[in-house]
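Using the sequences and the hints, build the whole thing.
Protein chains: 2
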Amino acid sequence: MAAEVTAQQLIAKHRPTLDQALQTIRTRAYWSPHPEHPKAYGEDGSLSLPEGKAAFDALQGTRFELDQPGTDDWVGGEVSPYGPELGITYPHPDIDTLLPAMRAGMRAWRDAGAETRAVVCLEILARISARTHEFAHAVMHTSGQAFMMAFQAGGPHAQDRGLEAVAYAFAEQTRTPDTADWNKPQGKRDPLAMTKRFTPVGRGVSLLIGCNTFPTWNGYPGLFASLATGNPVLVKPHPRAVLPLALTVRIARDVLTEAGFDANLVCLAAERRDEGIAKTLATRPEIKIIDYTGSSEFGDWLEANARQAQVYTEKAGVNTVVVESTDDYKGMLANLAFSLSLYSGQMCTTPQNLLIPRDGIRTDAGAKSYDEVVSDLAASVSGLLGDDARANGILGALVNPDVKARLDAASGLGEVALSSKEITNPDFPDAVVRTPVIVKLDGAKPDAEAAYLSECFGPVSFAVAVDSAADAVRLLGRTVRAKGAMTVGAYTTSEEVAAAVEETCLEECAQLSLNLTGGVYVNQTAAFSDFHGSGGNPAANAALCDGAFVANRFRVVEIRKDA
Amino acid sequence: MAAEVTAQQLIAKHRPTLDQALQTIRTRAYWSPHPEHPKAYGEDGSLSLPEGKAAFDALQGTRFELDQPGTDDWVGGEVSPYGPELGITYPHPDIDTLLPAMRAGMRAWRDAGAETRAVVCLEILARISARTHEFAHAVMHTSGQAFMMAFQAGGPHAQDRGLEAVAYAFAEQTRTPDTADWNKPQGKRDPLAMTKRFTPVGRGVSLLIGCNTFPTWNGYPGLFASLATGNPVLVKPHPRAVLPLALTVRIARDVLTEAGFDANLVCLAAERRDEGIAKTLATRPEIKIIDYTGSSEFGDWLEANARQAQVYTEKAGVNTVVVESTDDYKGMLANLAFSLSLYSGQMCTTPQNLLIPRDGIRTDAGAKSYDEVVSDLAASVSGLLGDDARANGILGALVNPDVKARLDAASGLGEVALSSKEITNPDFPDAVVRTPVIVKLDGAKPDAEAAYLSECFGPVSFAVAVDSAADAVRLLGRTVRAKGAMTVGAYTTSEEVAAAVEETCLEECAQLSLNLTGGVYVNQTAAFSDFHGSGGNPAANAALCDGAFVANRFRVVEIRKDA
Chain A
1 MAAEVTAQQL
11 IAKHRPTLDQ
21 ALQTIRTRAY
31 WSPHPEHPKA
41 YGEDGSLSLP
51 EGKAAFDALQ
61 GTRFELDQPG
71 TDDWVGGEVS
81 PYGPELGITY
91 PHPDIDTLLP
101 AMRAGMRAWR
111 DAGAETRAVV
121 CLEILARISA
131 RTHEFAHAVM
141 HTSGQAFMMA
151 FQAGGPHAQD
161 RGLEAVAYAF
171 AEQTRTPDTA
181 DWNKPQGKRD
191 PLAMTKRFTP
201 VGRGVSLLIG
211 CNTFPTWNGY
221 PGLFASLATG
231 NPVLVKPHPR
241 AVLPLALTVR
251 IARDVLTEAG
261 FDANLVCLAA
271 ERRDEGIAKT
281 LATRPEIKII
291 DYTGSSEFGD
301 WLEANARQAQ
311 VYTEKAGVNT
321 VVVESTDDYK
331 GMLANLAFSL
341 SLYSGQMCTT
351 PQNLLIPRDG
361 IRTDAGAKSY
371 DEVVSDLAAS
381 VSGLLGDDAR
391 ANGILGALVN
401 PDVKARLDAA
411 SGLGEVALSS
421 KEITNPDFPD
431 AVVRTPVIVK
441 LDGAKPDAEA
451 AYLSECFGPV
461 SFAVAVDSAA
471 DAVRLLGRTV
481 RAKGAMTVGA
491 YTTSEEVAAA
501 VEETCLEECA
511 QLSLNLTGGV
521 YVNQTAAFSD
531 FHGSGGNPAA
541 NAALCDGAFV
551 ANRFRVVEIR
561 KDA
Chain B
1 MAAEVTAQQL
11 IAKHRPTLDQ
21 ALQTIRTRAY
31 WSPHPEHPKA
41 YGEDGSLSLP
51 EGKAAFDALQ
61 GTRFELDQPG
71 TDDWVGGEVS
81 PYGPELGITY
91 PHPDIDTLLP
101 AMRAGMRAWR
111 DAGAETRAVV
121 CLEILARISA
131 RTHEFAHAVM
141 HTSGQAFMMA
151 FQAGGPHAQD
161 RGLEAVAYAF
171 AEQTRTPDTA
181 DWNKPQGKRD
191 PLAMTKRFTP
201 VGRGVSLLIG
211 CNTFPTWNGY
221 PGLFASLATG
231 NPVLVKPHPR
241 AVLPLALTVR
251 IARDVLTEAG
261 FDANLVCLAA
271 ERRDEGIAKT
281 LATRPEIKII
291 DYTGSSEFGD
301 WLEANARQAQ
311 VYTEKAGVNT
321 VVVESTDDYK
331 GMLANLAFSL
341 SLYSGQMCTT
351 PQNLLIPRDG
361 IRTDAGAKSY
371 DEVVSDLAAS
381 VSGLLGDDAR
391 ANGILGALVN
401 PDVKARLDAA
411 SGLGEVALSS
421 KEITNPDFPD
431 AVVRTPVIVK
441 LDGAKPDAEA
451 AYLSECFGPV
461 SFAVAVDSAA
471 DAVRLLGRTV
481 RAKGAMTVGA
491 YTTSEEVAAA
501 VEETCLEECA
511 QLSLNLTGGV
521 YVNQTAAFSD
531 FHGSGGNPAA
541 NAALCDGAFV
551 ANRFRVVEIR
561 KDA
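Sequences listed follow chains A and B, in order.
Our numbering applies: residue 1 is where the first sequence begins, and numbers increase by one.
Our numbering applies: residue 1 is where the second sequence begins, and numbers increase by one.
No lab work stands behind these hints, which were simulated from the structure alone.
Being a predicted model, the structure only gives us computed values, none of them experimental.
There could be a bad hint or two in this list.
It does not matter which identical chain is meant; a pair holds if it fits inside one copy or across any two.
Claimed, not checked - As a list, the in silico DSSO-like pairs of lysine-lysine whose alpha-carbon atoms are at most 27 Å apart: (1) K184 to K330; (2) K184 to K561; (3) K13 to K184; (4) K368 to K561; (5) K53 to K39; (6) K184 to K368; (7) K188 to K330; (8) K39 to K184; (9) K561 to K330; (10) K421 to K404; (11) K445 to K368; (12) K561 to K188; (13) K13 to K39; (14) K279 to K53; (15) K39 to K188.
Below, the structure is given as structure tokens:
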């Protein structure tokens, strides 16, 4: 099959972007090639907001054709957290047919080399970028994110994380040259001389197990890291969030085909309700790599049972913010209020436990008692979400009934400092929209531990009264060690306390945001600069993105001969 | 404690060497800072051959003091494969005392940073290099290697592999800068500005499980990769080969102390006979990294059970050479004869199965039948080892009675093409020295499979008659897939056959040496240039040395704040 687009054309088009990404992962300065503003789209072949909406609408109630081998059924059932059923059905695979077919294109993909693989991945990302507004709606109506967040986190930010993974994968594969001449002196005799050729080879089929809340943002790093290192990728989306990854698979297949490669290097594995296909796939001998985001229970199962594969997991944790003192009380409250509210606390990075000394804290607005801090924070959240339109824009919708159940139960865990309120979404009357609850707990009471030492995923935070800053630091360390954490925050004007928190984060391997009072939030990380997770505490065994995330997805085969 | 030597002094001394190593792992040209000739030692504070021998002699019959915490016994029992008992006893650890003590120095070691850790490691290697002649005797009298091999492989080549690991570790840790300024434009508003600090942190105590045959060569990569990335290293030597690693631990402790660090960052765990301390240590929660060389059985056990640790294994495989045709028959025979004989075939890289078409092969000396090839190879081995002094210098001694038992049993597996002979070592009359056996097997006979599809570690090779070149390539692929391989060799003048062998090695992830007829042998790899193992077939889950070998031994903790 003749390629419609050559590797040389793709290199000419994308190499500057790749080079900029390679430079940025070394400097970790700000950079992104993917515009964050909705109005930046609509020209040069990209979809405008209404075009994206129309494309999304046109998909509803249809069969999502992918032309994959071994399709034995059509499955669906996605219901938007905003109410509507999507009515889309996807191909269900006979995996005994699909998995062998996915290996067929591996050799040509390997022989294409690291640079061609990278620019093909960049072309896929560019096509995804052009359809960002379609993805925004797809992400919104599967995750329950509000539109702006679905647009940004599901669009440019996810694409950034994918590009970052491609850059790491390319850098890793090109650490070793393609060829080498080796000449070893032998005194007066002729030197020993050899020529050597080094080829990065993929490990086998890579399985991406997608999540409900961030199907693209959490899915793209593993997908692109594996594809760029020579592995076919089988995408198993969360059954409630198939569409964003199905769109991704379709675009990847189109680009692969146009570039002369086998479309089956990227396939979709949609599943029947309660089929649990991930468990079946994860232990298949063809599957050599697994990327997973989701519950600790299944993540731990994968790590223990998918022994034939490299397993990269992002699981659950308990995120802590130490509130000890601040020189910007208002800024701190505003920053925390937004962190707790964004996407109804349904981020793996949302703070859960706020550790506040029971004797209160020092601030630029004077001393504040524990009760004052908690009530001021509650007021700040209430103020932020006081306007229903703004509240809807920040909160989005609850992604599933489990979150609502946990939210409802939370008020029974302690004294409620801020009750959850129901918000109406005029555009989507069936959406379940709730403001966060803040519950007071006493860290000294053993019966409170069960609450604050468990992850309560959703819009639930605990204001935990602690004896002192030192007590807070101890509890922080204990929490990360036992439960893991994707993020840690701290507010303190004391160098001593800051040093103690920093040392605990270094010791327990947790990512720390210190004294955030402006427009950056503890729950947000920027690709190319911030690591998402550390890979060194129980919340995740990998970080997005670093050398360890890509280095073992391929191996280097050396062929040497006498020169 | 004031350091006797400062980081700045060590940087001034070793940074040029580190830089050269960093450059060489990128070019993969020849380089080594460690002289390969015995006479290169004896000046500038290094031990000459007689001084090294004297130092080794002085150790015998003594207690090997290390001043480690938690020593509860003194254990020993090493007997040289050349006969003499070493009579050395080593500290046996109470691991409940030793493991916590090893963590005490981690923080200062972390805070020292990647460059200081690297140059401290290079100082350790430089001190080891200066005592190369002492190590040569220690390796010889624990592994059974002949002196020259013990000197080279146990000395400079092992030191090269250690330095290579330090270079990879340093490169990996410094991919991310120490600090970054991040400024994100916000249109007309002020940009978002943050400062970020990135710190590589070790995972915890690293366990090195040493092997009998190459205690330093196989031990140094893991030891130095872990130490350079901030982890304390507990060295558990093979009970028959303690001394080379005990010397290493002593030197490491001396250097750490002199540089102002805690000596307990490197400790020894010697064990009582049949204690099996490796199994106990491997599942301790403090152990976060394990490096292992040895049997597949225990390697597989570690991978399955040491779930709290990153596990890097080099296990057993079945190495194959395809003999299809050659334009240098004499060179091929000489090269193969040496490969089969070196260290009595007791290398994980020694060829075991020679696949030869039953219809014979084309050569520059005319067509040769299968029988002729086998008998010519047998004659070549006999010629190489015809002189007892030279034979002793190549063969060394059998490392343990199991090897001799396998050798004795091998002649019952098929028609013997070359019998093993006993060689007397006049210097060490108790040494068990044997020439290799070559056994003919028919690849078409199912009952031969049990022999050639199992690893028969030691001086045993099988000349397997195959139907054709294509049959040989198929069997090669099947062998690597099922049993793994550290090395593959092939002799062919056919581009088609070469391409088929290369494709099989790429497909099955095996390192290939093609048409070696000179002074480089399939069983030898050079640090900085050749990968040892691929990490992609059952013989090993890691390669020496690449990014994957170091990248997950540490994590990066980020601390960010508003600028």
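Okay, the hints, checked on the actual structure:
With identical chains, the CA atoms of K184 and K330 are at most 27 Å apart between copies only, with a shortest distance of 23 Å across copies and 68 Å within one. With identical chains, the CA atoms of K184 and K561 are at most 27 Å apart within one copy only, with a shortest distance of 14 Å there and 51 Å across copies. With identical chains, the CA atoms of K13 and K184 are at most 27 Å apart between copies only, with a shortest distance of 25 Å across copies and 41 Å within one. Taking the shortest alpha-carbon separations for K368 and K561, only the inter-copy value of 23 Å comes in at or below 27 Å, while the best intra-copy value is 75 Å.
Taking the shortest Cα distances, K53 and K39 sit within 27 Å of each other inside one copy (14 Å), while across copies they are farther apart (78 Å). Taking the shortest alpha-carbon separations for K184 and K368, neither the intra-copy value of 72 Å nor the inter-copy value of 33 Å comes in at or below 27 Å. With identical chains, the CA atoms of K188 and K330 are at most 27 Å apart between copies only, with a shortest distance of 23 Å across copies and 78 Å within one. For the identical chains of this complex, K39 and K184 are inter-copy neighbours only, at 18 Å across copies versus 61 Å inside a copy, given an alpha-carbon limit of 27 Å.
Taking CA atoms no more than 27 Å apart as the test, K561 paired with K330 passes between copies only; the shortest distance there is 17 Å, against 69 Å inside one copy. Proximity of K421 and K404 under a CA criterion of 27 Å is satisfied intra-copy only: 12 Å inside one chain copy versus 79 Å between copies. Taking the shortest Cα distances, K445 and K368 sit within 27 Å of each other inside one copy (22 Å), while across copies they are farther apart (86 Å). Only within a single protomer do K561 and K188 lie at most 27 Å apart by alpha-carbon distance; the minimum there is 22 Å, versus 61 Å between protomers.
Within a single copy, K13 and K39 get their C-alpha atoms as close as 24 Å, which meets the 27 Å cut-off; across copies the closest is 57 Å, which misses it. Within a single copy, K279 and K53 get their C-alpha atoms no closer than 35 Å, and across copies no closer than 59 Å, so neither meets the 27 Å cut-off. With identical chains, the CA atoms of K39 and K188 are at most 27 Å apart between copies only, with a shortest distance of 16 Å across copies and 72 Å within one.
The structure does not agree with the numbered hints 6, 14 stated previously, though it agrees with the rest.
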